[in-house]
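Q: Using the hints, position chain S against chain L.
Residue numbers (our numbering), protein chains in the order written: chain L, 1 to 404; chain S, 1 to 404.
Simulated from the structure, these hints should not be mistaken for laboratory data. You may find that some hints are simply not true.
Treat identical chains as interchangeable: a pair holds within one or across any two.
[To be verified] Straight-line distance between alpha carbons at most 30 Å, and here's what the computed BS3-like set of lysine-lysine pairs gives:
no.	residue 1	residue 2
1	Lys120	Lys110
2	Lys91	Lys110
3	Lys52	Lys91
4	Lys165	Lys119
5	Lys119	Lys319
6	Lys272	Lys190
7	Lys225	Lys311
8	Lys191	Lys120
9	Lys319	Lys193
10	Lys91	Lys319
11	Lys225	Lys52
12	Lys223	Lys110
Given the structure is predicted, the values throughout are model-derived calculations rather than measurements.
Each chain, written out:
2 protein chains.
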Amino acid sequence: MSFIVQKYGGTSVGTAERIRNVATRVAESHRAGHRLVVVVSAMSGVTDGLLKLAREVSPEPSAREIDMLLSTGEQQTIALTAMALHSLGIKAVSLTGAQAGIITDRLHTKAKIANITPKKVFEYLDSGHVVIVAGFQGQNDDGHITTLGRGGSDLTAIAMAAALKADTCEIYTDVDGVYTADPRLVPTAKKIKEISYDEMLELASLGAKVMQARSVEFAKKFKVKFEVRSSFNHNPGTVITEEHAAMEDVVLRGVSLEKNQAKVTIIGVPDKPGVAAGLFSALAESGTNVDMIVQNVSAQGTTDLTFTINKDDLPSARKVIEAQAAQIGARNHTAQDGIAKLSVVGIGMRSHTGVAATLFSALAQAGINIQMISTSEIKISVIINESEGARATQVVHDAFKLGN
Amino acid sequence: MSFIVQKYGGTSVGTAERIRNVATRVAESHRAGHRLVVVVSAMSGVTDGLLKLAREVSPEPSAREIDMLLSTGEQQTIALTAMALHSLGIKAVSLTGAQAGIITDRLHTKAKIANITPKKVFEYLDSGHVVIVAGFQGQNDDGHITTLGRGGSDLTAIAMAAALKADTCEIYTDVDGVYTADPRLVPTAKKIKEISYDEMLELASLGAKVMQARSVEFAKKFKVKFEVRSSFNHNPGTVITEEHAAMEDVVLRGVSLEKNQAKVTIIGVPDKPGVAAGLFSALAESGTNVDMIVQNVSAQGTTDLTFTINKDDLPSARKVIEAQAAQIGARNHTAQDGIAKLSVVGIGMRSHTGVAATLFSALAQAGINIQMISTSEIKISVIINESEGARATQVVHDAFKLGN
Numbered sequence: 001m002s003f004i005v006q007k008y009g010g011t012s013v014g015t016a017e018r019i020r021n022v023a024t025r026v027a028e029s030h031r032a033g034h035r036l037v038v039v040v041s042a043m044s045g046v047t048d049g050l051l052k053l054a055r056e057v058s059p060e061p062s063a064r065e066i067d068m069l070l071s072t073g074e075q076q077t078i079a080l081t082a083m084a085l086h087s088l089g090i091k092a093v094s095l096t097g098a099q100a101g102i103i104t105d106r107l108h109t110k111a112k113i114a115n116i117t118p119k120k121v122f123e124y125l126d127s128g129h130v131v132i133v134a135g136f137q138g139q140n141d142d143g144h145i146t147t148l149g150r151g152g153s154d155l156t157a158i159a160m161a162a163a164l165k166a167d168t169c170e171i172y173t174d175v176d177g178v179y180t181a182d183p184r185l186v187p188t189a190k191k192i193k194e195i196s197y198d199e200m201l202e203l204a205s206l207g208a209k210v211m212q213a214r215s216v217e218f219a220k221k222f223k224v225k226f227e228v229r230s231s232f233n234h235n236p237g238t239v240i241t242e243e244h245a246a247m248e249d250v251v252l253r254g255v256s257l258e259k260n261q262a263k264v265t266i267i268g269v270p271d272k273p274g275v276a277a278g279l280f281s282a283l284a285e286s287g288t289n290v291d292m293i294v295q296n297v298s299a300q301g302t303t304d305l306t307f308t309i310n311k312d313d314l315p316s317a318r319k320v321i322e323a324q325a326a327q328i329g330a331r332n333h334t335a336q337d338g339i340a341k342l343s344v345v346g347i348g349m350r351s352h353t354g355v356a357a358t359l360f361s362a363l364a365q366a367g368i369n370i371q372m373i374s375t376s377e378i379k380i381s382v383i384i385n386e387s388e389g390a391r392a393t394q395v396v397h398d399a400f401k402l403g404n
Numbered sequence: 001m002s003f004i005v006q007k008y009g010g011t012s013v014g015t016a017e018r019i020r021n022v023a024t025r026v027a028e029s030h031r032a033g034h035r036l037v038v039v040v041s042a043m044s045g046v047t048d049g050l051l052k053l054a055r056e057v058s059p060e061p062s063a064r065e066i067d068m069l070l071s072t073g074e075q076q077t078i079a080l081t082a083m084a085l086h087s088l089g090i091k092a093v094s095l096t097g098a099q100a101g102i103i104t105d106r107l108h109t110k111a112k113i114a115n116i117t118p119k120k121v122f123e124y125l126d127s128g129h130v131v132i133v134a135g136f137q138g139q140n141d142d143g144h145i146t147t148l149g150r151g152g153s154d155l156t157a158i159a160m161a162a163a164l165k166a167d168t169c170e171i172y173t174d175v176d177g178v179y180t181a182d183p184r185l186v187p188t189a190k191k192i193k194e195i196s197y198d199e200m201l202e203l204a205s206l207g208a209k210v211m212q213a214r215s216v217e218f219a220k221k222f223k224v225k226f227e228v229r230s231s232f233n234h235n236p237g238t239v240i241t242e243e244h245a246a247m248e249d250v251v252l253r254g255v256s257l258e259k260n261q262a263k264v265t266i267i268g269v270p271d272k273p274g275v276a277a278g279l280f281s282a283l284a285e286s287g288t289n290v291d292m293i294v295q296n297v298s299a300q301g302t303t304d305l306t307f308t309i310n311k312d313d314l315p316s317a318r319k320v321i322e323a324q325a326a327q328i329g330a331r332n333h334t335a336q337d338g339i340a341k342l343s344v345v346g347i348g349m350r351s352h353t354g355v356a357a358t359l360f361s362a363l364a365q366a367g368i369n370i371q372m373i374s375t376s377e378i379k380i381s382v383i384i385n386e387s388e389g390a391r392a393t394q395v396v397h398d399a400f401k402l403g404n
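The following block holds chain L by itself, in its conformation from the complex (with noise of 0.2 Å):
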């Protein structure tokens, strides 16, 4: 017997058939013997229905009533997957966040949990029941209800794995785990049975798709071992875990490559203390986020600033550019869309020397050009042109013999 945290995603949720698909699969879970809380997303279409009713009534909906409005979504699927367990026979009972004892900070539609007191849920655990959660949301210590933002139901399943001490924490989602590279690029990709939460970390601020990063830095810090898997099938998945020593063995863990990305690079900036804050201060303050930053040596006091972004938020940011270049005197300033950052990730980077070798030799074999570099100690990311991308993480898989 096992306690085990299982979190479904609104696809998983998405109809009432497919609730009473999770109701078995719950059910099954429950008659072998383990110990069960159930966190659920809101079915898949609800939170944006909802949105859209608020843009309807208001063109600035307040953070706090968006709360109160999104937070029914998941309401909602706790009440329906418990009576969907009920027709199964099982003793179960739904809890809203608040109900559940989560209480968070107090920003609204972006609220972090500060603590868990799980009274009830043990309660109804000890007897019996099978407890139904509702994902991304809980109450703040005024009472209000809050909700944790994107990834929120990931977040409130690993947290209560965390407060729980469960055993196991499960996220069912529509894809079946981690793999080695994007599947629709790279055929030949294989899923990776176990990964560490660093790798998981840089896969996740990677545009692989399955998880937001703070689940995971959530997951870490509190030491929740969790495996992703799908709600489709009964494949295995693939478990996040602490480091251990077997993981170096593996070179690289996985390629992933992200698209719509940007280069502007400023060209002349004179060389002195300050410049580069006063620019990605007001690139922070206009809401662009910067990846990638390079910068030359200096030369004849001046230097030549690169950096990349997401291509979106391309023209509110050339504007804060503009004027960022006038005012430090820089000489010039180009922007450029159509480009993509290739990463390999692997902690066993850190005792295998000659990683970037063999990655800068795929992509030049293949003809492909690198116009950036950015390491840290487990990844390696370059930026190349997105037109290239999908063959570039092919040989790049291909060269680190990821699909054997």
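A: Chain S in isolation, oriented as in the chain L frame:
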């Protein structure tokens, strides 16, 4: 400056546009300097949609989970209404039933309000907010969400008005008041300016679908004066208040017609104690609501027992009646639908003589046969053929000069 509780029903908040319309009305009252609590229902159609989903996941959904599910409907409306008020520049805040301090008993799907501790409501009112409260819902002393059953939002409004000691309570709906007769049957029907709780109760239990009787009973008990009016125009509505002397000057307040009735007669019932008790207990257990009961004087040790029920209950009631008639040794029984109940209501009846005579002769002159008669202190009801219902209503309305 008054302290007003307003309540808007599902049709009044049925679309984003109508919610904006409600917000405009509320904003007018707010700008006029009134202290405002606004109770709203679920958007029309939402509750039915949720019940449909519930039946798709479970043939017999549990009452607790139905409450968890349905309470989301009102929660959505409060958030949207608050947003709409914000966009008009009005300070407003939404509160769920639980947040507004509405504590109920534990009877899910038809909970009774036990008490209200409106601390938060007063805090927000004192800081200049319009407070939007979810109708139809509360929470029991164990922290479970409950709902109040049919007409529950009216009940919330009246109970809030009582607990807050508001000056008045305005129930906005899709009709603009209570009429002397159904205007679709009687074109000369007039809107009633003022009516006593008891008269409203008789009309509410008689097919005037403006309000559920329990809300009126609650208002009577706590002496809450309220007004029923339309959210689609600015016409004055009907005020429901405590009886006062001037009300007796009017002989009759109105005429109502209840269709879809059926009449059952049990012939040759042995005239001994306990017979009626057994029959009506069995009917009550089968869920059949018995309305008028008439027993003729006993002749030769047997009597005839006639009663009316809703036509829709006839098939299920028939089985009970057959079994009971056999058991008590009745000679025979008959059941007939296609009848209607016409009632005249008015506290003036107590001090005016000849009401029954006027009623009976008006019907006689029109050639309409009276099949059963039942009277209370402020009401006379007669059973007639349903096909003659509309004409009878007009004739009686004329006879009492209610259109003048």
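Q: So which hints don't hold here, by number, going up?
A: Per hint list: 5, 6, 7, 8, 9, 10, 11 violated.
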